[in-house]
Amino acid sequence: MSRLALAFALFAPVTAAAQTTRDFTTSRQLHGESRLEARVAYEAGSLRIVPSAAGDLYRMHVTYDSDRFAPVSAFDAAAGVARLGLESVGTGFRVSSRRRVEQSGFLALSSRVALSLALELGAGDGDIELGGLQLTRLRLSTGASRTTVRFSRPNSSRCERADLSAGAADISLLALGNARCQLVRFDGGVGTTLLDLTGAWPADARLDVHLAIGALTLRIPRGLGVRLTVDRFLSSFSSGGWTRQGKVYLSPGYARASRHIDLALATAFGGVDVEWVN
Amino acid sequence: MRARNRAFATLALLLAISRPAAAADRGTAALTAARDIWGIIQQLRGDHEAQDGPRPGQAPAAHPQPMPPAGPSDLTIDLSDLSRPAAIESRFAPLNRLAESQIRVTVPNGQARLGNYSVGSDQTVRGHLLVVRGDADIYGRVQGNLVALDGNVTVHPGAVIAGDVLVVHGVARVVDGGVVDGEIRTLSAAVPAAAAGAPVSALALTVRRLAGLAGVAMTLAFLGLGLATFGHHNLEIVSDTVSHSFGRAFVTGLLGQVLLLPTFGMVVVGLVLSVAGILLLPFAVVAYVLLAVIAIVGGYLAVAHAMGETYVRRRMARGVTMGAPSSYRFLTTGLVATLALWAAWALFGWVPVAGDLIRGAAILVTWLLGTAGFGAALLSRAGLRENFAGRIIPPEALTDEYLWATPQFGVPAVRRPGGARSPIGGP
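Just so you know, the protein sequences line up as chains A and B, in that order. Take the first sequence: its position 17, counted from the start at 1, is 17 in this note's numbering, and no numbers get skipped. Take the second sequence: its position 138, counted from the start at 1, is 138 in this note's numbering, and no numbers get skipped.
Don't read these hints as lab results, they were simulated from the structure. Since we're looking at a predicted model, the values are computed, not measured. Be careful, since some hints might not be right.
Partner residues are not named here, just some residues of chain A that face chain B (Cβ under 10 Å, in silico) [said to hold, decoys possible]: (1) Thr25; (2) His31; (3) Ser34; (4) Gly55; (5) Arg59; (6) Ser73.
We put the beta carbon where it would ideally sit given N, CA and C, even for glycine.
I would like the entire structure built from these sequences, with the hints used as guidance.
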């Protein structure tokens, strides 16, 4: 009997503290809406956002850890506001490794309506494709994440402004010209940042970039006229290729360029590199 | 469409089977990726294909029937707000324990059905509709929210649902021409993640932990061997500092742990504020981390050395033959002693409560020893300073008495009068 008990004790399954995953899907059909204000808060995990021309206003699918997070999906039809994402549940502070928070999300936003997008990313990876949407306003804030925001196709409408902020993050903003924003503001904390100014700029625009600690890479097409003002403190800046006029740097062929970008750059610690692309 | 789904599923299954066991992690990642891709394909396609039979976590279908009126003590669920699906699902939890004939639910401003239910094209359901343990096929009109628990929902062409749709433990399918004015939400059953939560037998868990412990012990023994060979003097001084000034070493280690990060921050800021310092910053960061690790690990090994030395010398004092009292022996003995609690946890960690207690004790003891070792390494400046190692002669021992006190015996240069009384000469 005791041997049986011992054998049972040894071979009985021991359930370790496990992550319990669930799938959640939400969508909303288009019913003649002309605009959407999407507020997406995604606290942890990987998130992919794509434009969609299908008959849905939005469609989200998340695989999430139901012990620590809960999906959010609410739509205010009167205001045209959708709140989507994942929020943490419970209280207290818990440190989890990246491996243990295996959450993934997929969000498709309609390219048929004017979109104001507010996106908050916590810890995780973000792959955000906003090309082809009718983006009128963009607010993006990331925590400790690795995020890529790209505008592979030109924005279908004029974007009033884009406010982007990153904490301890590795962030790449690709083909910003396709965003067609009149004003782009970027506040970076600690990390590496890539600002790719390629794309079809519809008009002159202004970029305000504030970076605390980290490396910034500016990718600038040669045909674009960039007027750069640098306010730096203990930061390196390679001025090769620029024409200096007092405290202002002008890109090659600035006077002949059809589009002009006024770039104000303030950095504290770190380095600023410039890549010239054809 | 269904055949295509099966083909995808078969392909995914074959991919999973063809993975070698050694590549389990990569296989899991590939399966996860395949699942994600398949999920995305489903999302982009815009529907969920209904499957035959219950889905995972789904209760079997009940016999179609209207749900009997609920009593005052039965379940009442308000379906007017479906924005928190997990909360709605938790309200349904009591139904899982009930047999089909016992289920009673009241839906304010609505009705509940048990088993498969269909709304005809000429029918209108006024208010909310709850379908439990069955599929809902909607051809007509629902003037409220529709919720299905343990079943699927299909909105057919021409059907109109004025509110939201929520499917718990099932799938929703909206055929072209079907209209849902509100949101369409589906929530799957909870699935323990295979990678993190697979049940492991106690035997396998014990073997795994013992293997891990053996690895740690071998690593520490290897490091100790290197330290005893190339830094023998430093190791002994740190070890003696632990032995002679344990309390002081522990307090110093405690303060050192507290100040470790602030000091690091000050070093970084100090270097950043100077132009030349920025260039040195990467090297300084690496050097600081390296020194901290060396101090902690080296200190821990010194504690093991001290424990082993004490034990071996006591045994030898009792006349037990133990071979040469070398640093290697001290270290080996000490490491066995310091890791004994972890060995106990590896063997009995699976026992409820007791396992956690053993682990807690092991963590506490390891921290105590590590702190003392770290403090001793700091006090002795990594074995360069002997002040706390008991090797300095105490002040009271420093006397010049030996310079003037003439011994009465044993000095041949002095001959006292009356040599006959000399102890050397003797009578």
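Here is what the structure says about each hint:
1. Thr25: With a minimum Cβ separation of about 5 Å from chain B (threshold 10 Å), the hint on threonine 25 of chain A holds.
2. His31: holds (7 Å)
3. Ser34: violated (17 Å)
4. Gly55: Interface hint status for glycine 55 of chain A: holds (7 Å vs cutoff 10 Å).
5. Arg59: holds (6 Å)
6. Ser73: holds (6 Å)
The structure shown violates just one earlier hint, number 3.
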